[in-house]
Amino acid sequence: MGRTLAEKVWDDHVVRRAEGEPDLLFIDLHLLHEVTSPQAFDGLRQNGRPVRRLDLTIATEDHNTPTIDIDKPIADPVSRAQLETLRKNCAEFGVRLHPLGDVEQGVVHVVGPQLGLTQPGMTVVCGDSHTSTHGAFGALAFGIGTSQVEHVLATQTLPLARPKTMAITVEGELPDGVTAKDLILAIIARIGTGGGQGYILEYRGSAIEKLSMEARMTICNMSIEAGARAGMIAPDETTFAYLEGRAHAPEGEDWDAAVAYWKTLRTDDDAEFDAEVVIDAAALSPFVTWGTNPGQGAPLSAHVPDPASYEDASERLAAEKALEYMGLEAGQPLRSINVDTVFVGSCTNGRIEDLRAAAAIVEGRKVADGVRMLVVPGSARVGLQAVSEGLDVVFKEAGAEWRHAGCSMCLGMNPDQLAPGERSASTSNRNFEGRQGKGGRTHLVSPQVAAATAVLGHLASPADLSDAETRTPAGV
Amino acid sequence: MEAFTTHTGRAVPLRRSNVDTDQIIPAHWLKKVTRDGFEDGLFEAWRKDAEFILNRPERQGASVLVAGPDFGTGSSREHAVWALQNYGFKTVISSRFADIFRGNSLKNGLLTVVLDQKTVEALQDLSEKDPQAEITVDLEAREVRAEGITASFELDENSRWRLLNGLDDISITLRNEGDIAAYEAKRPSYKPRTLPV
Ligand code: SF4
Numbered sequence: 114m115g116r117t118l119a120e121k122v123w124d125d126h127v128v129r130r131a132e133g134e135p136d137l138l139f140i141d142l143h144l145l146h147e148v149t150s151p152q153a154f155d156g157l158r159q160n161g162r163p164v165r166r167l168d169l170t171i172a173t174e175d176h177n178t179p180t181i182d183i184d185k186p187i188a189d190p191v192s193r194a195q196l197e198t199l200r201k202n203c204a205e206f207g208v209r210l211h212p213l214g215d216v217e218q219g220v221v222h223v224v225g226p227q228l229g230l231t232q233p234g235m236t237v238v239c240g241d242s243h244t245s246t247h248g249a250f251g252a253l254a255f256g257i258g259t260s261q262v263e264h265v266l267a268t269q270t271l272p273l274a275r276p277k278t279m280a281i282t283v284e285g286e287l288p289d290g291v292t293a294k295d296l297i298l299a300i301i302a303r304i305g306t307g308g309g310q311g312y313i314l315e316y317r318g319s320a321i322e323k324l325s326m327e328a329r330m331t332i333c334n335m336s337i338e339a340g341a342r343a344g345m346i347a348p349d350e351t352t353f354a355y356l357e358g359r360a361h362a363p364e365g366e367d368w369d370a371a372v373a374y375w376k377t378l379r380t381d382d383d384a385e386f387d388a389e390v391v392i393d394a395a396a397l398s399p400f401v402t403w404g405t406n407p408g409q410g411a412p413l414s415a416h417v418p419d420p421a422s423y424e425d426a427s428e429r430l431a432a433e434k435a436l437e438y439m440g441l442e443a444g445q446p447l448r449s450i451n452v453d454t455v456f457v458g459s460c461t462n463g464r465i466e467d468l469r470a471a472a473a474i475v476e477g478r479k480v481a482d483g484v485r486m487l488v489v490p491g492s493a494r495v496g497l498q499a500v501s502e503g504l505d506v507v508f509k510e511a512g513a514e515w516r517h518a519g520c521s522m523c524l525g526m527n528p529d530q531l532a533p534g535e536r537s538a539s540t541s542n543r544n545f546e547g548r549q550g551k552g553g554r555t556h557l558v559s560p561q562v563a564a565a566t567a568v569l570g571h572l573a574s575p576a577d578l579s580d581a582e583t584r585t586p587a588g589v
Numbered sequence: 022m023e024a025f026t027t028h029t030g031r032a033v034p035l036r037r038s039n040v041d042t043d044q045i046i047p048a049h050w051l052k053k054v055t056r057d058g059f060e061d062g063l064f065e066a067w068r069k070d071a072e073f074i075l076n077r078p079e080r081q082g083a084s085v086l087v088a089g090p091d092f093g094t095g096s097s098r099e100h101a102v103w104a105l106q107n108y109g110f111k112t113v114i115s116s117r118f119a120d121i122f123r124g125n126s127l128k129n130g131l132l133t134v135v136l137d138q139k140t141v142e143a144l145q146d147l148s149e150k151d152p153q154a155e156i157t158v159d160l161e162a163r164e165v166r167a168e169g170i171t172a173s174f175e176l177d178e179n180s181r182w183r184l185l186n187g188l189d190d191i192s193i194t195l196r197n198e199g200d201i202a203a204y205e206a207k208r209p210s211y212k213p214r215t216l217p218v
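Respectively, the protein sequence lines represent chains H and W.
Taking the numbering used here as reference, the numbering of the first sequence is continuous, increasing by one, and the terminal residue is 589.
Taking the numbering used here as reference, the numbering of the second sequence is continuous, increasing by one, and the terminal residue is 218.
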């Protein structure tokens with residue numbers, strides 16, 4: 114019988130397989146950041162162990178880094194201590210680090226792909242659940258805990274039980290204005306936040322094949338929000354074209370050998386998945402969340418659901434609690450929800466394509482009165498690229514704040530937070546209670562919806578702008 | 022990880038049930054960036070009371086915690102185990118442990134021993150009557166011994182083997198060094214490296 118993409122990559126990394134034991138898998142790339150690594154380094158130190166493969170390890174600073182005044186000392190002592198500890202650990206053990214201020218600094222899941230370090234058929238791990246992002250390249254990529262971080266540092270392997278596989282087949286054409294973010298939000302609403310539990314998801318079908326690498330990363334990024342271990346997309350010409358010429362992409366004969374291998378990384382026709390979900394791309398429209406988990410979402414044109422409409426008692430209760438926290442009324446049109454803040458950024462939607470999309474919408478328009486729009490590139494390089502294209506000017510002229518790279522308001526570990534009761538439209542991946550600041554209320558949206566929302570002050574799609582808001586002609 | 026074969030020490034009888042990990046180590050300690058230095062956070066709230074058993078002079082240097090049922094419930098934080106170890110406990114005896122806490126403790130070399138509630142109370146009585154009384158936890162014989170008390174306990178073979186040999190997950194994996202090296206030797210050259218070779 115044939116094998117799925119996930120099974121092929123898994124099999125190619127088995128260092129040791131023994132009856133009654135989990136497989137021991139080799140790890141091709143280990144990404145580190147300041148939050149989940151300190152105790153792992155401490156464990157190495159206590160046991161007198163070195164990092165086994167410094168050449169497969171790389172660190173950056175993202176969760177705690179400020180997005181303004183990055184040349185000044187970090188005010189919060191806890192954030193400062195975590196960053197300083199990472200710097201000390203990397204220096205002591207010899208790990209390559211891209212600290213705040215470095216051109217390659219940024220959200221770890223933006224940095225890996227942009228350096229060309231994430232490639233098809235690799236195993237990629239990081240002490241962060243959104244490591245699933247890297248699956249967009251046909252890599253097997255998943256988040257790990259701090260003890261596992263130490264395990265990989267010391268051995269470059271992990272003992273793991275093989276998850277099951279689920280195909281998410283998306284056929285047809287996404288309608289105009291419908292993005293990868295809308296698609297993944299719709300998938301999560303469909304299968305639920307626990308629907309992927311125990312599975313590696315493989316996104317496939319004609320709609321997926323047409324997506325850019327950035328869009329594929331957005332999809333794989335949120336696999337974890339469906340409870341999945343990882344998400345993957347088979348590599349193809351789009352993948353190869355993205356990689357070619359990047360700093361760590363293979364060259365010459367190595368490139369040819371790599372591409373020949375990468376082309377074998379497709380699910381065989383006779384392979385069987387443990388589960389399959391089929392989605393019709395043409396039926397989708399811009400999608401937003403109304404609740405406090407990423408599965409509580411609906412098309413923008415819909416209304417806030419009535420908790421009483423849920424058959425399942427626990428879902429009903431969850432919806433009731435969500436509406437209370439979010440300060441929403443059942444039946445209220447989603448478009449009528451006013452926001453205080455718009456956040457464009459994160460490892461879900463902080464790449465150049467996302468910034469371009471948001472900029473194209475706010476260009477010549479103004480952010481609505483009383484709305485704060487924060488644009489945070491996913492990495493310093495994305496920021497530089499945006500500046501070279503003049504996007505920073507577009508955002509600033511529209512009244513948005515243009516910031517330095519980092520996780521920022523995705524989780525509010527740095528000063529970028531919502532105040533209690535404040536409401537945001539956010540291009541990030543989690544709308545949990547208090548995620549963006551204590552008492553903050555989050556609606557997950559695409560960059561396009563975020564931008565339109567910033568202009569109109571309420572949840573909206575670019576299509577709502579056509580007559581409601583006209584652009585100021587250039588030069589006026 | 023330090024091997025655990027047999028340990029003899031004085032006890033701290035903690036007559037409380039459902040001691041959760043928040044009580045063992047409060048959340049604000051989780052911001053620390055090391056695995057050691059958690060001893061002052063252990064039972065922090067209770068230790069503000071001078072009469073709390075851990076504060077009593079006759080309990081200084083005790084290394085066996087004899088706890089009430091359902092010890093270690095709540096959050097999965099491994100810090101709870103580190104705090105107990107940093108303080109100097111080598112083993113915890115209770116009639117019931119929360120699953121995740123038990124898993125974390127055995128992973129880190131803190132032996133959690135399950136005895137029936139009557140025996141646990143007998144050990145607590147003994148230690149209260151005579152704070153100098155010693156308790157022996159013998160992993161080889163799977164037995165707890167103290168004056169007038171001998172009780173056997175269960176522990177799965179794999180955990181026992183790992184504790185007796187002081188093997189953490191990493192040392193177990195490193196026993197397959199040959200397999201790892203062989204795998205590394207045949208990795209294709211086109212795979213990326215983060216450092217120049
Ligand atoms: S951007 Fe958000 S989701 Fe991504 S790594 Fe940072 S905190 Fe996690």
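Source of the hints: derived by calculation from the structure; they are not laboratory data.
One should not assume that every hint holds.
Some chain W residues near chain H, calculated using beta-carbon distances under 8 Å [claimed, not checked]:
no., residue
1, R36
2, K52
3, E99
4, K139
5, L188
6, D190
7, I191
8, T194
9, P209
10, Y211
11, P213
Heads up, incomplete: computed chain W residues facing chain H, CB under 10 Å, no partners named [to be verified]:
no., residue
12, K128
13, S180
14, R181
15, P217
Each residue gets a CB set at the ideal place from its N, CA and C atoms; glycine is no exception.
We went through each hint and held it up to the structure:
For the restraint placing R36 of chain W at the interface with chain H, the shortest Cβ-Cβ distance is roughly 32 Å, beyond the 8 Å limit, so the hint is violated. Hint status for K52 of chain W: holds, given a least beta-carbon distance of 5 Å to chain H, under 8 Å. Contact between E99 of chain W and chain H, as hinted, is supported at the beta carbon level, the nearest pair being about 7 Å apart and thus within 8 Å. With a cut of 8 Å, the hint placing K139 of chain W at the interface with chain H is violated, because the nearest CB-to-CB distance is about 35 Å.
Given hint, L188 of chain W at the interface with chain H, is violated; its Cβ is 12 Å from that chain's nearest Cβ, farther than 8 Å. Evaluation of the D190 of chain W hint against chain H yields a held restraint, the C-beta minimum of about 6 Å falling below 8 Å. A cut of 8 Å between beta carbons decides the hint on I191 of chain W: the least distance to chain H is about 5 Å, and the hint holds. Given the 8 Å rule on beta carbons, the hint for T194 of chain W holds: about 5 Å separates it from the nearest Cβ of chain H.
The beta carbon of P209 of chain W comes within 7 Å of a beta carbon in chain H, closer than 8 Å, and the hint placing it at the interface holds. Among the interface hints, the one on Y211 of chain W holds; its C-beta lies about 4 Å from the nearest C-beta in chain H, closer than the 8 Å criterion. At about 4 Å, the closest approach between the beta carbon of P213 of chain W and any beta carbon in chain H falls short of 8 Å, and the interface hint on this residue holds. Here the hint on K128 of chain W is kept, as its CB sits about 7 Å from the closest CB of chain H, short of 10 Å.
Look at S180 of chain W: its Cβ only gets to about 15 Å from chain H, farther than 10 Å, so that hint breaks. Annotation: R181 of chain W was flagged as interfacial toward chain H, and the flag is violated, the nearest CB pair being 17 Å apart, outside 10 Å. For P217 of chain W, the suggested interface contact is upheld, since its CB lies about 9 Å from the closest CB of chain H, less than 10 Å.
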